[in-house]
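Protein sequences, first through last, are from chains U and A.
If you read the first sequence in the numbering used here, its first letter stands for residue 1, the second for the next number, and so on.
If you read the second sequence in the numbering used here, its first letter stands for residue 1, the second for the next number, and so on.
Since the hints were made in silico from the structure, they are not lab data.
If a hint is listed, it holds; no wrong ones were tucked in.
Residues on chain A that point at chain U, a partial pick, calculated with CB under 7 Å:
| no. | residue |
| --- | --- |
| 1 | 37 |
| 2 | 41 |
| 3 | 54 |
| 4 | 56 |
| 5 | 57 |
| 6 | 89 |
| 7 | 97 |
| 8 | 104 |
25 Å max Cα-Cα, derived DSS-like pairs, lysine-lysine:
| no. | chain 1 | residue 1 | chain 2 | residue 2 |
| --- | --- | --- | --- | --- |
| 9 | U | 195 | A | 78 |
| 10 | U | 51 | A | 95 |
| 11 | A | 50 | U | 306 |
Quantities reported herein were computed from a predicted structural model and do not represent experimental measurements.
Cβ atoms here follow ideal geometry from the backbone N, Cα and C, with glycine treated the same way.
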Amino acid sequence: MNIDRKKFLHIAGGAAAGLIGAQTLTSCKKDERVEHIYTSMDSPDITKYDKTFFVQVDQNKCKGCHTCTINCPTGIIDSKEPGGLHRVYSPDGCINCGQCLVNCPYGAIEEQVSFINDVFDAINDPETIVVALPAPAVRYAIGEPFGMQPGEFAGGKMNASLKALGFDIVWDTEFAADLTILEEGSELIARLTGKMDRPLPQFTSCCPGWIKYVESFHPEVIPNLSSCKSPVAMMGALSKTYGAQNKKIDPKKIYTVSIMPCIAKKYEGMRPEMNDSGFRDLDATINTRELAYMIKKKNINFYAMKDEAADPLLGQSTGAATIFGVTGGVMEAALRFAYEAVSGRKLASVDLTAVRGLGGVREASVKIPGGPEVKVCVVSGLKNAEPIIQDIKNGKSPYHFIEVMTCPGGCVNGGGQPIDPKDVFFT
Amino acid sequence: MKSQFTRKKFIRTLTLGIAAVSFVSIPVQKLFAGLTNTKSRTDGVYEQDKKMPLRKSQDNPMIKQIYKDFLEHPNSHKAHELLHTDYVDRSAGVKRLRQSGIRI
Numbered sequence: 001m002n003i004d005r006k007k008f009l010h011i012a013g014g015a016a017a018g019l020i021g022a023q024t025l026t027s028c029k030k031d032e033r034v035e036h037i038y039t040s041m042d043s044p045d046i047t048k049y050d051k052t053f054f055v056q057v058d059q060n061k062c063k064g065c066h067t068c069t070i071n072c073p074t075g076i077i078d079s080k081e082p083g084g085l086h087r088v089y090s091p092d093g094c095i096n097c098g099q100c101l102v103n104c105p106y107g108a109i110e111e112q113v114s115f116i117n118d119v120f121d122a123i124n125d126p127e128t129i130v131v132a133l134p135a136p137a138v139r140y141a142i143g144e145p146f147g148m149q150p151g152e153f154a155g156g157k158m159n160a161s162l163k164a165l166g167f168d169i170v171w172d173t174e175f176a177a178d179l180t181i182l183e184e185g186s187e188l189i190a191r192l193t194g195k196m197d198r199p200l201p202q203f204t205s206c207c208p209g210w211i212k213y214v215e216s217f218h219p220e221v222i223p224n225l226s227s228c229k230s231p232v233a234m235m236g237a238l239s240k241t242y243g244a245q246n247k248k249i250d251p252k253k254i255y256t257v258s259i260m261p262c263i264a265k266k267y268e269g270m271r272p273e274m275n276d277s278g279f280r281d282l283d284a285t286i287n288t289r290e291l292a293y294m295i296k297k298k299n300i301n302f303y304a305m306k307d308e309a310a311d312p313l314l315g316q317s318t319g320a321a322t323i324f325g326v327t328g329g330v331m332e333a334a335l336r337f338a339y340e341a342v343s344g345r346k347l348a349s350v351d352l353t354a355v356r357g358l359g360g361v362r363e364a365s366v367k368i369p370g371g372p373e374v375k376v377c378v379v380s381g382l383k384n385a386e387p388i389i390q391d392i393k394n395g396k397s398p399y400h401f402i403e404v405m406t407c408p409g410g411c412v413n414g415g416g417q418p419i420d421p422k423d424v425f426f427t
Numbered sequence: 001m002k003s004q005f006t007r008k009k010f011i012r013t014l015t016l017g018i019a020a021v022s023f024v025s026i027p028v029q030k031l032f033a034g035l036t037n038t039k040s041r042t043d044g045v046y047e048q049d050k051k052m053p054l055r056k057s058q059d060n061p062m063i064k065q066i067y068k069d070f071l072e073h074p075n076s077h078k079a080h081e082l083l084h085t086d087y088v089d090r091s092a093g094v095k096r097l098r099q100s101g102i103r104i
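Construct the complete structure from the given sequences, taking the supplied hints into account.
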């Protein structure tokens with residue numbers, strides 16, 4: 001068979017058109033704008049949790065402005081030469097906090113991992129009991145994509161929307177925040193009284209970015225970390241044991257979805273240690289932006305939702321749990337517990353304003369009647385933790401209990417929270 | 001020679017000034033925008049804390065229930081099994097990166 005010029009052009013043209021078509025199709029399927037942030041819709045490979053990039057810079061959109069490096073606590077996001085294109089060099093030095101992403105003025109940083117499709121699949125499967133575990137800080141920002149003011153409480157509407165999305169049970173991570181206080185507070189008291197052979201000061205362990213930072217950069221202070229899991233990790237383990245027993249559900253059928261203001265929680269949920277219930281404790285992790293995306297995708301009118309409470313058994317919470325979402329909150333909640341547990345007296349005023357504020361490092365000293373004087377420190381923004389860690393390594397730290405939150409301001413300013421589109425120059 | 005503020009110098013200073021302001025202003029604006037949002041969310045949290053009928057973790061009836069029915073007491077054996085964890089030394093990866101010349 002002879003191929004003349006015309007035939008050759010026919011075949012070549014057809015092949016080119018096919019290639020371009022295939023490329024557009026795959027690229028359309030892969031990336032999605034999730035509340036203004038480009039997010040790859042690929043489900044992550046859980047076994048490769050340590051080799052996964054959770055955020056990466058789109059080289060076509062980066063303008064080399066260096067804002068990401070300024071906001072990065074470790075410096076793993078950088079450019080080879082000044083003003084050049086920035087990128088995350090390796091998953092090893094990245095603690096997945098996402099501060100680069102929420103602060104990028106050009107919307108150039110993208111999420112690389114999303115469980116959205118997995119969660120929709122689980123919801124659509126009638127056999128699976130899908131459990132939502134929303135974090136405290138989510139309810140103060142989830143209203144923003146639907147026109148509510150920043151900081152407006154939307155907990156009731158959030159619960160109602162989760163039910164409307166098709167979640168079978170809403171168990172509140174705030175409940176586990178209360179539980180964390182009892183566990184972590186008791187651990188602190190045991191360390192203070194010498195009943196536990198672990199060093200002081202004790203660090204909080206709720207923040208997954210902080211935990212990975214200690215493990216990667218300062219493994220010497222690992223014994224100072226509280227052995228408590230984060231609230232949502234406790235929640236995952238309890239859902240498939242205590243929750244399943246009481247509701248008489250086969251734990252095999254439970255699919256837990258952790259809903260967080262955070263990107264690093266996706267990494268935490270994929271850790272192999274998180275299987276204490278005999279199953280994967282946390283099957284999927286999504287953030288506030290992704291929840292807003294799902295609610296919009298299902299055409300649910302968020303603002304018109306009637307307030308609903310979380311489901312009983314693991315659903316009730318106190319003020320001490322809701323302040324977990326701000327810097328100083330875990331500390332204040334722990335002190336409200338420790339004061340009464342040690343002294344046996346009622347705390348006159350629960351507002352311990354000494355640990356509040358938005359400063360990078362704040363310290364306070366609390367005299368507990370019948371107990372020791374507890375020196376506490378609150379760190380907001382991981383860069384501020386460096387001198388405190390050095391003090392501990394040199395044996396000079398004056399503190400007993402230190403709270404560290406990676407994101408400046410705490411979880412309410414987390415890497416998974418909605419961004420204000422007015423702050424971004426989209427290209 | 002006496003230094004004089006010539007037309008050329010004026011234009012040079014002006015251009016450099018404008019360039020500096022426009023380069024710096026974007027990150028600065030971003031910083032403040034982020035902080036104000038954080039501030040209002042923080043205020044919202046403390047406002048809600050004030051409205052809660054119970055404000056101390058140890059008063060939560062469901063917490064009392066779970067310790068009575070399931071966990072026995074804080075830091076019990078069962079609590080350690082389900083609610084506590086161990087951490088892993090991950091510094092090898094960071095060391096490798098530093099050796100390859102990345103400043104972190």
